[in-house]
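K.L.:
Put chains B and C on the given structure of chain A with help from the hints.
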Amino acid sequence: MAAVAAQPVEPGASPPAIEVHRLVKSFGHRTALRGVDLEVAEGEFLTLFGPNGAGKTTLIRCVSSLTRPSAGTVRLRGEDLSKAATSLRRHIGLISHNPLLYGDLTAEENLRFFARMYDLADAQARIDAALQQVGLFARRRDPVRDYSRGMVQRLAIARAILHDPSIMLLDEPYTGLDLQAADMLRSVLQDLAASNRTVILTTHNLEQGLEMCDRAAILHRGKIAWQGVRTGLDLAGMKQIYRDVTRLA
Amino acid sequence: MSYLNKILAIVWKDIVAELRTKEMFSAMFVFSVLVIVIFNFAFDLRVSGERVREVAPGALWVAFAFAGILGLNRAFVMEKDRGCLEGLLLAPVDHTAIYFGKMLSTVLFMLIVEAFMLPVFTAFFGVNLFDLRLVLIIVLGTVGFAGVGTVLSAMTAQTRAREVLLPILLLPVAAPVLIAAVKATSGILDGQAMAEIARWLQLLVAFAVIFPAAAFMTFDFVVKE
Amino acid sequence: MERTDRREPLLIALTALSGAMVLVALYLALLGAPDANLQSETGRYAQRIIYFHIATAWVGFLAFFVTFVSGIGFLRTQDRAWDVVALSSAEIGTVFMLGVLISGSIWARPAWGVWWVWDERLTISLIQFLIYVGYLMLRSSVEDPSRRARFAAVYGIVAFVSVPINFIAIRMWRTQHPLMFGTEEGGLGPNMMFAFFFSLITFTVWYVTLMWHRIRLERLRDDVEALKLELMG
Numbered sequence: 001m002a003a004v005a006a007q008p009v010e011p012g013a014s015p016p017a018i019e020v021h022r023l024v025k026s027f028g029h030r031t032a033l034r035g036v037d038l039e040v041a042e043g044e045f046l047t048l049f050g051p052n053g054a055g056k057t058t059l060i061r062c063v064s065s066l067t068r069p070s071a072g073t074v075r076l077r078g079e080d081l082s083k084a085a086t087s088l089r090r091h092i093g094l095i096s097h098n099p100l101l102y103g104d105l106t107a108e109e110n111l112r113f114f115a116r117m118y119d120l121a122d123a124q125a126r127i128d129a130a131l132q133q134v135g136l137f138a139r140r141r142d143p144v145r146d147y148s149r150g151m152v153q154r155l156a157i158a159r160a161i162l163h164d165p166s167i168m169l170l171d172e173p174y175t176g177l178d179l180q181a182a183d184m185l186r187s188v189l190q191d192l193a194a195s196n197r198t199v200i201l202t203t204h205n206l207e208q209g210l211e212m213c214d215r216a217a218i219l220h221r222g223k224i225a226w227q228g229v230r231t232g233l234d235l236a237g238m239k240q241i242y243r244d245v246t247r248l249a
Numbered sequence: 001m002s003y004l005n006k007i008l009a010i011v012w013k014d015i016v017a018e019l020r021t022k023e024m025f026s027a028m029f030v031f032s033v034l035v036i037v038i039f040n041f042a043f044d045l046r047v048s049g050e051r052v053r054e055v056a057p058g059a060l061w062v063a064f065a066f067a068g069i070l071g072l073n074r075a076f077v078m079e080k081d082r083g084c085l086e087g088l089l090l091a092p093v094d095h096t097a098i099y100f101g102k103m104l105s106t107v108l109f110m111l112i113v114e115a116f117m118l119p120v121f122t123a124f125f126g127v128n129l130f131d132l133r134l135v136l137i138i139v140l141g142t143v144g145f146a147g148v149g150t151v152l153s154a155m156t157a158q159t160r161a162r163e164v165l166l167p168i169l170l171l172p173v174a175a176p177v178l179i180a181a182v183k184a185t186s187g188i189l190d191g192q193a194m195a196e197i198a199r200w201l202q203l204l205v206a207f208a209v210i211f212p213a214a215a216f217m218t219f220d221f222v223v224k225e
Numbered sequence: 001m002e003r004t005d006r007r008e009p010l011l012i013a014l015t016a017l018s019g020a021m022v023l024v025a026l027y028l029a030l031l032g033a034p035d036a037n038l039q040s041e042t043g044r045y046a047q048r049i050i051y052f053h054i055a056t057a058w059v060g061f062l063a064f065f066v067t068f069v070s071g072i073g074f075l076r077t078q079d080r081a082w083d084v085v086a087l088s089s090a091e092i093g094t095v096f097m098l099g100v101l102i103s104g105s106i107w108a109r110p111a112w113g114v115w116w117v118w119d120e121r122l123t124i125s126l127i128q129f130l131i132y133v134g135y136l137m138l139r140s141s142v143e144d145p146s147r148r149a150r151f152a153a154v155y156g157i158v159a160f161v162s163v164p165i166n167f168i169a170i171r172m173w174r175t176q177h178p179l180m181f182g183t184e185e186g187g188l189g190p191n192m193m194f195a196f197f198f199s200l201i202t203f204t205v206w207y208v209t210l211m212w213h214r215i216r217l218e219r220l221r222d223d224v225e226a227l228k229l230e231l232m233g
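Chains as they are written, first to last, in our numbering: chain A, 1 to 249; chain B, 1 to 225; chain C, 1 to 233.
Since the hints were derived computationally from the structure, they do not count as laboratory data.
Remember, predicted model here, so these are calculated numbers, not experimental data.
Built from N, CA and C at the ideal position, the CB exists for glycine as well.
Among the clues, some could well be false.
Unchecked claim - If we take Cβ atoms under 10 Å as the criterion, some of the chain C residues that face chain B in the derived model are:
hint: 1; residue: Thr123
hint: 2; residue: Ile127
hint: 3; residue: Val133
hint: 4; residue: Ala169
Looking at chain A on its own, in the form it has when it is part of the complex (with noise of 0.2 Å):
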């Protein structure tokens, strides 16, 4: 069995986890991203505010590496993703509006296939404890197109951390998520704040976005218009700073 590829070996102080430099990404005549320039630390919990349209999700895809950007640059543990991507992304976790799950699979499949993907040593052992941390352990035969739409999140999350990603991207993960779900989410994201991991976490909500990031910033329009961090930021100071970034044309 194929060995994971050894890690790059940094000279020095460890480079920021993520890097986003002048990155813009245009669809034909409308411009997604203007320049955004941005750097998550190594171990740091960013959450990323902005109004429908501002570019989030374009900003994630282009850093999971599924979109090309235009123009500028995305490094990630120092790498140029663009030439490193395939090898960079064993360290990347996302999850995103869409679950990335096989209906006609049963849990356990989809997540043995992901982690053949991902060439994962010990694949039942962590298949196991994945399931057992969403709590799908005794439904892990069932097709997943039987599943209601919490329990397939709560399996998309399982299969985002399957591999121990490094990095983990949420897209709006809340979005659409039932009571249960959405604690258990929370749950997992306190334990992704805890450890080492990189997060970006993308959200509307300023309450859940604001809970557990170390850091805050705001998309808009395309561009980052405010960043900061989070010791002596309360919901209400977020939501005045919130209006007036946004409110400005």
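P.N.:
Just chains B and C now, with coordinates in the frame of chain A:
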């Protein structure tokens, strides 16, 4: 090798998914039987006896081509519908592995359907199709057809027109594969010498190599935004 | 964005030249060239279409080659300019290819009494025409412009790869049957050769002129789109 392992993982996944629903299989099989029946009954009105053997190879490959198109459509529509393609794109493997995985599973499904069709065809058209050389032709033709069909299917699954567009794009491009396959099949049914059939076989081999090669080089542009 | 085309007078001159050349070619083909050495009178008249038929086919395939190369250019540079060339060439090629099919029919009917023959060249022209149609249909079913350009480029490349092989396959296929209709090359005298090559050059010039017009049109369209977006904020 990790790359190969992932290709096989994709094939395995497609097989398991198909075994669960048997959706595509039954569609491909029933459809091809229908095509054979319709051809048979359409030709029977004007073509009879020995002359049926003349049209048999053409009918056979038309049936295979349509079955192939059904299979190809399903290959990527299944990935696109639930956003699963992105799951594959996020995996730490070159995207060409997705191409090969999908192509191999399509070839596999097509071969199984084709194997089932042969006895049906023999029954309706009264021609003896059980010849080992025919197996080679069918395999080569299927690989060439699916080789180019897979990349085109990856494209059309992402367009508005979806399933309708694939045959429009695929058939003109795959026409030479079909021509070569029909000629080679006729050659065998007519009992021609291997030397005669050989050049059609060479053409089929060329396609089985060139089309996957071209698809392999362009696949990334089709799936990556 | 201002687009003052300083080369406009050149385009007008080229258009005029094309027009003139086409008229001359028409004269040569219909009147100037000597009669072919054929039995029937209608056959002799019909044969004159060969001057246009082959020239049209040449442009039809040249245009696809241009689409193929532009497709590669686009994939490497992601520059819209390549896509404009690819699209323009495909559109023009489609029309010319249709011309091949129609002129082939016009020739076949009085010469041999049928509207269509599965002659190798006509067959490959038909397939090429269908590929063109597929190309244009593909473009119209993708909304996002950059994706449209990418997909069209890939199809252009994959389809082009099959063209030479198509040709070989069909050639092999047709040579198994006795060629019912004599080759066109048989017995082309020097005057006919002149008309023939003149047509070839004329149609190529015509193609270039049409390309220039079409590319210019597409660029203007792009400019309008950009302006619209600017105004809408």
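K.L.:
Against this structure, judge whether each hint is valid.
P.N.:
So, going through the hints one by one against the coordinates:
This hint holds: C:Thr123 has a C-beta 9 Å from the nearest C-beta of chain B, less than the 10 Å allowed. A hinted interface residue such as C:Ile127 counts as satisfied when its beta carbon comes closer than 10 Å to some beta carbon of chain B; here the least separation is about 5 Å, so the hint holds. The closest approach between the C-beta of C:Val133 and any C-beta of chain B is roughly 7 Å, which is under the 10 Å cut-off, so the hint is satisfied. Taking 10 Å as the C-beta cut-off, the interface hint given for C:Ala169 holds, the closest approach to chain B being about 4 Å.
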